[in-house]
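J.: Listed here are the chains, written in short residue letters.
Number of protein chains: 2
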Amino acid sequence: MSRSIATVSISGTLAEKLAAISAAGFAGVEIFENDLLYFEGSPADVRRMAADLGLAIVLYQPFRDFEGVSVGRLARNLERVKRKFELMHELGTDRLLVCSSVSPDTIDDDALAIDQLGELAQAAARAGVVTCYEALAWGRHVRTYRHAWKLVNAVNHPNLTLALDSFHTLSLDDTPDAIATIPGERIGFVQIADAPKLNMDVLEWSRHYRCFPGQGDFALADFTAQVVKSGYTGPLSLEIFNDGFRGAPPAATAADGNRSLLLLQELTREALTREVPGSTNAQTAPLYNPPAAPAHAGWQFLEFAVDDAARQRVANWLEKLHFRRAGQHRSKDVTLYQHGSAAIVLNAEPDSFADAFFQRHGLSLCASALRVDDARLALERAAGFGYQPFSGRLGPNERVVPAVQAPDGSLNYFVNEQPGEPTLFEADFVLTDVDGPTEVGPITGIDHVSLSLPAGSFDAWVLFLKAVFGLQASAAVLLPDPYGLVRSRALFSADRGLRMVLNASVDPHTATAESVRAYHGTGLNHVAFGTGDIFRAVTEFEAAGVPLLRVPANYYDDLDVRHALSAEFLDALRQHNLLYDRDEQGGEFLHAYTETLDQRFFLELVERRGGYDGYGAPNAAVRLAAQARQRSRAERQDDEQDKSL
Amino acid sequence: MSRSIATVSISGTLAEKLAAISAAGFAGVEIFENDLLYFEGSPADVRRMAADLGLAIVLYQPFRDFEGVSVGRLARNLERVKRKFELMHELGTDRLLVCSSVSPDTIDDDALAIDQLGELAQAAARAGVVTCYEALAWGRHVRTYRHAWKLVNAVNHPNLTLALDSFHTLSLDDTPDAIATIPGERIGFVQIADAPKLNMDVLEWSRHYRCFPGQGDFALADFTAQVVKSGYTGPLSLEIFNDGFRGAPPAATAADGNRSLLLLQELTREALTREVPGSTNAQTAPLYNPPAAPAHAGWQFLEFAVDDAARQRVANWLEKLHFRRAGQHRSKDVTLYQHGSAAIVLNAEPDSFADAFFQRHGLSLCASALRVDDARLALERAAGFGYQPFSGRLGPNERVVPAVQAPDGSLNYFVNEQPGEPTLFEADFVLTDVDGPTEVGPITGIDHVSLSLPAGSFDAWVLFLKAVFGLQASAAVLLPDPYGLVRSRALFSADRGLRMVLNASVDPHTATAESVRAYHGTGLNHVAFGTGDIFRAVTEFEAAGVPLLRVPANYYDDLDVRHALSAEFLDALRQHNLLYDRDEQGGEFLHAYTETLDQRFFLELVERRGGYDGYGAPNAAVRLAAQARQRSRAERQDDEQDKSL
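Protein chains in written order, with the UniProt record's numbering: chain A, 1 to 645; chain B, 1 to 645.
To be clear, the hints were calculated from the coordinates, so they are not data collected in a lab. Quick caveat: nothing in here was measured; it's all calculated off a predicted structure. A portion of the hints provided could be inaccurate.
Just so you know, same-sequence chains aren't split out, so a pair can sit in one copy or run between any two.
[What the hints assert, rightly or not] Pairs of lysine to aspartate or glutamate, EDC-like flavour, derived with a Cα cap of 16 Å: (1) K197 <-> D65; (2) K320 <-> D557; (3) K332 <-> E204; (4) K82 <-> D94; (5) K84 <-> E185; (6) K150 <-> E90; (7) K84 <-> D558; (8) K150 <-> D613; (9) K229 <-> E90; (10) K229 <-> E270; (11) K197 <-> E540; (12) K84 <-> D557; (13) K82 <-> D557; (14) K197 <-> D351.
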């Protein structure tokens, strides 16, 4: 299905918007009236600009408060709409979006509305255009697509069609299942928007919080499957009112919009196939069909950009955590550390990608290597969604590892090991222990990776992880930091082999925001290692000198009030500075944090018991407050040191 | 009445919060449970910290889901609350806030709730503490103070009192008038919060958008007047959940909180006096009573910090706008320009306040001089609200002009002229024309001044203008800029002698935000000059070479559709790039903008007809888009110039 977007969805002047929309790969564009109004040039100029960019102007919008009016008002409305029809001719588009009336004096009379929409259809026929009537979720009387369709169907005129908008249907918790029963040729236009589930006035919600499909909480594939089943063959068009997008660079926003429609088409295809296993090719053929996301994915290694000093510091920590120095890269200044299935690579190679990353971001996560079922297909899938493939320098006999760039410019390698062939580590590294990694301590592997992001790139990351790896997302939560709020969202694969937590500061004053700024937007915040025995782990690591973040005694008093824990267990938690959470099914989460390294980077140890599937969100505020205290202690020590100099 | 604030209202660790609250002038503090939980120390440590700072801990909060529960649950709740009573003893406070239950399984039975609250009262009596029962606006069954009071009154026990919170009452559009009928000694605690009127879920609204009294839209003086009439003599305590405050420096936030309570007390006194002209001293005596705000205020002059080059550029513009060079300062490098009653002062004095301002902010508004009825009283009032008085260097025979610093550090001079004495201009300047200003053109005076602010200082400015000058505020509006949204709010005096418009970018990408950052937060955006004949004004000024901002032709086509304007009038508007607005009473607003000077500073010409009282908000988006185009044209020219070098 062809992809379109409304100009209101992105930032900039009309010329900047059209250029970004074209570059992103859209075929069509909806011109929003205000964008034309502020444009210093004629509608014909806009037509030429769009044509030069290969963009079809698929719709002009919006036209408001047409139906349900007095006789005198109808005459004025017909006059008003005729002038818009003339403008549409100049603009070179044949479709006008007409919203259901919102005016308080709209007359509540379907028969009258049908008569007046009939007059609209006839005027449209005379002008050679098609009107598309849409039920706004906050319309005065017409609020659902079923009601709008009742009126359009009664008018029964080819120049009056139904317009659908996923937001208006799903924001009211209305079901989309009746869409499939509407003849596709009577649906004149389909707009797509996602949104986070928010408890607020639907108009405000619509005007400020819409987002691209996949970034919010709506079941859009189910909605779009109904549209496909109706036989509709027109464009799917994004109409996104989003305060963040209004302020973001238009090229990146438009690119994400295009990806989001591709991903939606893939998920719609899956929904249709699930529903009717033998669904016809005619239905699913127009939907984007990329190689499937990897069924199984997991961390192969995390690669940090370091210089000599940072390598020394990180290596020192890894050794205290009983990581083994497992190998040295054959041609580069790159070292491999392993503990259980967790592998960390420290890259200090001069004039490399990692070096450039270090110059810009300091100690940072410059690459993640993911084990996938088929690396070539994974790359093909990522590239199909418009993510940039990357290849670096190779030494003799080193493995070509396909990679794409994540939204922060870091690399995501796709690794698959073939039976009988050397592993990636064997190919690229001189291994200390040729029999492969040995269990040396309580860490079993990487449980999850947590990224601190600039607020503006949060939703881009959600889309990246969903599109490239097929991850699912939990609902976003707000975490209170002593200096501001942090928005947090977890993404994970079906088998939980891959878990990522995204964090962004809601305001510019928290440590997350400061460290993101200080390090030019790089995302590493912390790595959580899994263990089967956290008491053993913290005992060993504390003995080895790993500084654990101290948890206030008041936390344990409160824990005791909230959960019925044995005195002995509570004492053990307190003694080891362990945090605790329990889910409704009785699953338990025990975790501990290290103090921070480099002011922003820290490690976590986690033990999951009984199927616990979260990340200890109730404890986040305790951790953030403890880190704030650590920072202010460090600042005080710096001050005192300054004074003593 | 004594002033208190909840720790949740400001940013920082508990130690930082308490220090800021004490420094701001509060007598008391509510300890929020989470702040204690994250604190690395015992409740007794908190008690000592507060005592050392001279702060009384007036309340501990919150205790949730006590009443309307099963027998088994009641026993657990009594156990739970006893532990909190013990903690309160350590903390040294005798008051606990108990919120009406929100749990879905709360039993809807007032008799049961009364029984259980009775048990709570007895437990409190045994522990020697007082419980304060509050109706949350989103309580499961108890949502209004009337309902909560019905239960508390039925229990009829001194250790169970009613807690009031203005947000919970006013967010539901409930009336506060029954508060006066409750015996004051039965009200155990009063919390005060303001909020902007928002159409959203009341819980979300409460958790994120509360603000200090005077910064929102609630009629808080009427609410507080009812509290005073009840005979309540306890503290007024701010409980503000605000995402911005969570991220802002705590000292400045706390200072504004303290001011806001002083202002609320003044307005409450006025409300009581209005209601009962002979209201008893006993009622109004405990309320703050500053010198009255000036009944009349107007612009005496605006003072810009300049260097030689900036002075040349601004003087050049002023001359084209037919300003007259009217005088030279007796002892400083300061020049006076006048046109009608509008006076502009350009200050290039080395090593002065203006010089320091220029070093930091570039060309900027470093001072505003306001004509007031009594300058000494105005200063006393401002100082009473905690704004910093300022005095600069004086030459011989120069007038001492009292001033305070505004939130951006600029000065606000208070000027009053005494009959028979030399005017300020006569005292300080060698005037070119000793007969005073002569009418030289179509400008009549300064209509309004518009400031571009960092988002975080918006509400501080609202409070400053209300407290110091007694201005009223319109509701905030959102203006669409091509690169993001701008929040805007007008403040004005009763006689409209003083009008200010505050603008702040909602996101960090608009020109407002960029220019605020680039110039270190200084606020000048534009000055609007009033005229009685805008057609004459723009004709003269264009002839003199003032570049007016061009308005797209599409704007006029749309204007024609929206308003029935004569073809001739529309043509005249179009020809002169004039914008137009009309209010519901037929009042009209004609205005034009100059292009920008120094990338951020521009001028406006406005003509108000028929009592129009707004600022042309419907045209703001057209202006912002035209300015964005001007900027991108200027950038393109710079690029081309760069290439040609």
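J.: All hints are to be evaluated individually against the structure, with a verdict given for each.
T.: Going through the hints against the structure:
Neither within a single protomer nor between protomers do K197 and D65 lie at most 16 Å apart by alpha-carbon distance, with minima of 28 Å and 26 Å respectively. With identical chains, the CA atoms of K320 and D557 are never at most 16 Å apart, being 31 Å at best within one copy and 73 Å at best between copies. Proximity of K332 to E204 under the C-alpha cut-off of 16 Å is found in neither arrangement, the shortest distances being 55 Å within a copy and 53 Å between copies. In this homomeric assembly, K82 and D94 come within 16 Å of each other (Cα to Cα) only inside a single copy, at 13 Å, whereas the closest approach across copies is 72 Å.
Taking identical chains as interchangeable, the C-alpha atoms of K84 and E185 are never at most 16 Å apart, the minima being 24 Å within one chain and 67 Å between chains. Taking the closest pair of Cα atoms, K150 and E90 never come within 16 Å of each other, the shortest separation being 32 Å inside a single copy and 68 Å across copies. In this assembly of identical chains, K84 and D558 lie within 16 Å of each other by CA distance solely across copies; the values are 10 Å between and 64 Å within a copy. For the identical chains of this complex, K150 and D613 are neighbours neither inside a copy (46 Å) nor across copies (45 Å), given an alpha-carbon limit of 16 Å.
In this assembly of identical chains, K229 and E90 lie within 16 Å of each other by CA distance neither inside one copy nor across copies; the values are 34 Å within and 67 Å between. For the homomeric pair K229 and E270, the shortest alpha-carbon distance inside one copy (13 Å) is at most 16 Å, but the shortest distance between copies (66 Å) is not. For the homomeric pair K197 and E540, neither the shortest alpha-carbon distance inside one copy (44 Å) nor that between copies (56 Å) is at most 16 Å. Taking the shortest alpha-carbon separations for K84 and D557, only the inter-copy value of 11 Å comes in at or below 16 Å, while the best intra-copy value is 68 Å.
With identical chains, the CA atoms of K82 and D557 are at most 16 Å apart between copies only, with a shortest distance of 13 Å across copies and 72 Å within one. Taking the shortest alpha-carbon separations for K197 and D351, neither the intra-copy value of 46 Å nor the inter-copy value of 56 Å comes in at or below 16 Å.
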